[in-house]
Amino acid sequence: MVLPTNPSAQLALDLVGVFVFALSGGLVGVKKRFDLFGVLVLACAAALGGGVLRDLLIGAIPPVGISDWRLLTAAGLGGLVTFLFHPGVARITRFVRVLDAVGLAAFAVAGSLKAVTTPGVTPVTAVIVGVLTAVGGGVIRDLLAGQVPEVLRRELYAVPAMLGAIVVVTFAQFGTVGDLALWSAAALVFAVRMVAVHLD
Amino acid sequence: MVLPTNPSAQLALDLVGVFVFALSGGLVGVKKRFDLFGVLVLACAAALGGGVLRDLLIGAIPPVGISDWRLLTAAGLGGLVTFLFHPGVARITRFVRVLDAVGLAAFAVAGSLKAVTTPGVTPVTAVIVGVLTAVGGGVIRDLLAGQVPEVLRRELYAVPAMLGAIVVVTFAQFGTVGDLALWSAAALVFAVRMVAVHLD
Amino acid sequence: MVLPTNPSAQLALDLVGVFVFALSGGLVGVKKRFDLFGVLVLACAAALGGGVLRDLLIGAIPPVGISDWRLLTAAGLGGLVTFLFHPGVARITRFVRVLDAVGLAAFAVAGSLKAVTTPGVTPVTAVIVGVLTAVGGGVIRDLLAGQVPEVLRRELYAVPAMLGAIVVVTFAQFGTVGDLALWSAAALVFAVRMVAVHLD
Chain R
170 MVLPTNPSAQ LALDLVGVFV FALSGGLVGV KKRFDLFGVL VLACAAALGG GVLRDLLIGA
230 IPPVGISDWR LLTAAGLGGL VTFLFHPGVA RITRFVRVLD AVGLAAFAVA GSLKAVTTPG
290 VTPVTAVIVG VLTAVGGGVI RDLLAGQVPE VLRRELYAVP AMLGAIVVVT FAQFGTVGDL
350 ALWSAAALVF AVRMVAVHLD
Chain H
170 MVLPTNPSAQ LALDLVGVFV FALSGGLVGV KKRFDLFGVL VLACAAALGG GVLRDLLIGA
230 IPPVGISDWR LLTAAGLGGL VTFLFHPGVA RITRFVRVLD AVGLAAFAVA GSLKAVTTPG
290 VTPVTAVIVG VLTAVGGGVI RDLLAGQVPE VLRRELYAVP AMLGAIVVVT FAQFGTVGDL
350 ALWSAAALVF AVRMVAVHLD
Chain U
170 MVLPTNPSAQ LALDLVGVFV FALSGGLVGV KKRFDLFGVL VLACAAALGG GVLRDLLIGA
230 IPPVGISDWR LLTAAGLGGL VTFLFHPGVA RITRFVRVLD AVGLAAFAVA GSLKAVTTPG
290 VTPVTAVIVG VLTAVGGGVI RDLLAGQVPE VLRRELYAVP AMLGAIVVVT FAQFGTVGDL
350 ALWSAAALVF AVRMVAVHLD
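Chains as they are written, first to last, in our numbering: chain R, 170 to 369; chain H, 170 to 369; chain U, 170 to 369.
Hint data in this document are derived by calculation from the structure and do not stem from the laboratory. Some hints here could point you the wrong way.
Any copy, or any two copies together, can satisfy a pair, since identical chains are not distinguished.
Unchecked claim - Below, in silico cross-link-like pairs of lysine to any residue (SDA-like), each with a Cα-Cα straight-line distance of 25 Å or less: (1) K201 / G228; (2) K201 / V293; (3) K200 / V250; (4) K200 / M363; (5) K200 / T345; (6) K201 / V250; (7) K200 / T286; (8) K200 / F254; (9) K200 / A178; (10) K200 / S353; (11) K201 / W352.
Model, not experiment: these values are computed from the prediction.
Same shape as in the complex, but just chain R (with noise of 0.2 Å):
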């Protein structure tokens, strides 16, 4: 069965993803003392790569994040942000583990809910779409910085992004994904991301 998609929760959910994703590349940068242009590559990486292999592994070509205008300015504009703003280089580490949790929240939801939505694409693959959705990004980013991918450090890194692509992709059986059920998702991923980080 295929929803009805629901394009603005999709776009909005998108935004906050690649922004905020942005900032972490971003930070992850100016860490690793890079200067403009490649704080501003990162932050594009981080912020657009978990939606581009999305829309690969479902056949949305070209993927949005080449395409949509409004992804590409949010991540341009959080990778300046994060150059020209970033806080003392010691904060910034538990700043990024913030700002990812924000990130892995957004994508899993907006990954698994664009998966769910596309013909020919079964419920179990829709739950990892939304998982590689959201770390995607992160795994990229950290390859081009050339550190060993936070996905593979953390046990409570993905678990939540995959909690969260389950509630949607139950929903979606159900033929029902209303706004709140998707912020709803997103605010558990968080939540959750965020006790493992308090909890490390």
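Use these hints to put chains H and U onto chain R, whose structure you have.
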């Protein structure tokens, strides 16, 4: 000319390749002292990466690596088995090589078989797709784990895969790729690779 | 509006880009003391990676980088030439920069040209695809070789590629992208990049 596909052999080869590459990916994770989740992620990336790359290159969307529950189960199981029962770390490196050779063999054959039976894919492309299927998972595993990919360090890593893919594609040109031909091609890849490991 | 494609210019640009990126990839392999096979793999990855990424993003399946024998031959030849005739390692770093600039120019133009003549691809997307085609092979080369990608370390690496892509896409908006326009755009990219290398 497009062959009738051979779904059961395709699935069997994919399953063997996925399971052993999951073990090899998991063992690299154990060696790097990742926790359970990191081991599972590395196992799944190594196990499913090559097949996902293959399916992206030949337009088989969504890739079976994220849609066939049997492959997903084999990948997860391989990672779990590794984490629970891995032998002493001292012996791991050697064992990874043997598993790698089995996976290389299964995926070179599975990759070229699937490609050569896809409309619009030429024999040369099918050979290349076979090689990329075989080496792709290992490359992704090594990049994620922060080590130089095996395929760059060893002369006779991609060459056996290419031999096997050429055998499969040559048989396909004559219209018959029976189970015997497939498993013989896989045995050839494994044998050549193990001789190379032994001589190394 | 979709232009008539310009297959001979497209092929010539692709061939130039593939050959020089094969040399640059091979030289990085020589510098890292890989053996013949490692050098060939790195050469092919650097040479064909950007074009394969482009074709995945615009849905040109299977990618020409794994299906056109002329590109495959150029990539292999570039790797072989590098391995056999590479100059003293001391001079390699400088030479890689020049080759990189030629490849950047050819691929920025080839990538944006192919994208802008693909139905459903907007001008902005065509520019981004041009840049990704130009920088993609180098990023893959650097990740495989275990070094931080050039595109993150140098301000004026992606910018010249973007200029060239914008020129091509702008001409395409007016319906005419003749050979003169294409080679002028490539010369512009090369010149800006070489000035940047010189000032560095």
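Classify it for me, K201 with W352: is the Cα-Cα distance of at most 25 Å met within a copy, between copies, both or neither?
neither (34 Å within a copy, 37 Å between copies)
Cα distance capped at 25 Å. Does K200 pair with A178 within a copy, between copies, both, or neither?
For K200 and A178, neither the intra-copy (33 Å) nor the inter-copy (43 Å) Cα distance is at most 25 Å.
Could you place K200 and F254 in one of the four classes (within, between, both, neither) given a Cα distance threshold of 25 Å?
Within. Shortest intra-copy distance 13 Å satisfies the 25 Å Cα cut-off; inter-copy 39 Å does not.
Which holds for K200 with T345 at a C-alpha limit of 25 Å: within a copy, between copies, both or neither?
neither (43 Å within a copy, 45 Å between copies)
Measure nothing new, just compare the shortest in-copy and cross-copy C-alpha distances for K201 and V250 to 25 Å and report within, between, both or neither.
within (17 Å within a copy, 36 Å between copies)
Checking an output row: K200 and S353, CA cutoff 25 Å. Within, between, both or neither?
neither (33 Å within a copy, 39 Å between copies)
Alpha-carbon proximity context of K201 and V293, limit 25 Å:
neither (37 Å within a copy, 30 Å between copies)
When no copy is specified for K201 and G228, does a C-alpha distance of 25 Å or less occur within a copy, between copies, both, or neither?
Answer is neither; intra-copy 35 Å and inter-copy 35 Å both fail.
Since the copies are identical, ignore which copy is meant and state whether K200 and V250 lie within 25 Å (CA to CA) inside a copy, between copies, both or neither.
Within. Shortest intra-copy distance 15 Å satisfies the 25 Å Cα cut-off; inter-copy 38 Å does not.
Could you place K200 and M363 in one of the four classes (within, between, both, neither) given a Cα distance threshold of 25 Å?
within (22 Å within a copy, 29 Å between copies)
Up to 25 Å CA-CA - T286 versus K200, copy category:
neither (38 Å within a copy, 40 Å between copies)
In summary, the numbered hints that this structure violates are 1, 2, 5, 7, 9, 10, 11.
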